[in-house]
Amino acid sequence: MIFYDTPNPAPNPRRVRIFAAEKGIDLPSETISIVAGEHKAPAYLAINPRGQTPALKLDDGTVLTESVAICRYLEALHPGTPLFGTTPAEIGVIEMWIRRIELMVMEPIGKIWVHTHPFTARLPTQRFPEYGESNRARALDAFAMCDAGLGSSPWLAGDAFSMADILLLTTIDFAAFVGIPLPEDLARLRAWHDRVSARPSAKA
108 MIFYDTPNPA PNPRRVRIFA AEKGIDLPSE TISIVAGEHK APAYLAINPR GQTPALKLDD
168 GTVLTESVAI CRYLEALHPG TPLFGTTPAE IGVIEMWIRR IELMVMEPIG KIWVHTHPFT
228 ARLPTQRFPE YGESNRARAL DAFAMCDAGL GSSPWLAGDA FSMADILLLT TIDFAAFVGI
288 PLPEDLARLR AWHDRVSARP SAKA
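Every number in our numbering is 107 more than the matching position in the sequence shown, counting from 1.
If you're looking for bench data, these hints aren't it; they were derived computationally from the structure.
Errors might be hidden in some of the hints.
The calculated lysine-lysine pairs, modelled on DSS-like cross-linking and capped at a C-alpha distance of 30 Å, are [what the hints assert, rightly or not]:
1. 147 x 218
2. 164 x 130
3. 310 x 147
4. 164 x 310
5. 164 x 218
6. 164 x 147
7. 310 x 130
8. 310 x 218
Please put together the full structure from these sequences, using the hints given.
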């Protein structure tokens with residue numbers, strides 16, 4: 108298999124790299140440069156017609172896209188050190204947080220990125236800066252939701268580090284790159300960010 112990767116600050120490929128590092132999986136990879144436009148080149152579009160990274164091409168030619176789907180596939184291949192939970196309750200809580208992060212945290216951050224960041228200004232798509240900025244309050248509300256959700260637990264979905272923590276870390280770090288740092292008053296979330304950032308896998 109081969110993993111089509113993009114360096115930081117791209118959050119979605121980083122999810123897979125962190126997941127693989129936590130599991131001890133060595134993924135043969137090929138770097139696709141978004142800055143150089145390689146994700147829109149015919150060679151890569153033949154692999155993923157959506158022109159997005161990451162992608163995982165299996166030995167039989169099957170191509171998986173979407174970071175969580177790729178990680179679920181790797182979890183099935185390497186069930187040791189489970190990151191999607193083991194009990195029905197753990198699986199449900201982790202899935203709940205995955206959906207919340209994708210829909211409530213990453214979505215407004217993505218809109219701010221697309222409509223306000225200097226990098227995206229060179230793209231041919233029309234931008235609406237005021238609309239982008241209007242999502243900042245949504246992103247901050249989502250951070251507060253995660254802070255409250257942590258409660259007294261060390262990790263987002265409970266006592267065990269999970270895929271939910273990977274998603275939130277990559278999303279928060281991407282938000283900082285976009286210009287949305289964690290508010291100082293979210294003490295639990297900031298302490299969580301320190302813990303997860305200290306894991307060796309976070310350097311992936």
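Each hint tested on the structure:
Among the hinted pairs, residue 147 with residue 218 is consistent with the structure: their alpha-carbon atoms are about 21 Å apart, no more than 30 Å. Restraint check: the Cα-Cα separation between residue 164 and residue 130 comes to about 19 Å, which is no more than 30 Å; the hinted pair holds. For a cut-off of 30 Å, the pair hint linking residue 310 to residue 147 stands: about 27 Å separates their Cα positions. Taken as a hint, the residue 164 and residue 310 pair is honoured in the structure, with Cα atoms around 24 Å apart against an allowance of 30 Å.
Proposed proximity of residue 164 and residue 218 is supported: the alpha carbons are some 29 Å apart, at most 30 Å. Pair hint residue 164 plus residue 147 holds up; C-alpha atoms about 17 Å apart against a cutoff of 30 Å. Proximity of residue 310 to residue 130 is assessed by CA-CA distance (about 14 Å); at most 30 Å being required, the pair is judged to hold. Between residue 310 and residue 218, the direct Cα distance comes to roughly 26 Å. Compliance with the 30 Å bound is thereby established for this hinted pair.
Violation of the numbered hints given earlier is absent; every hint is satisfied by the structure.
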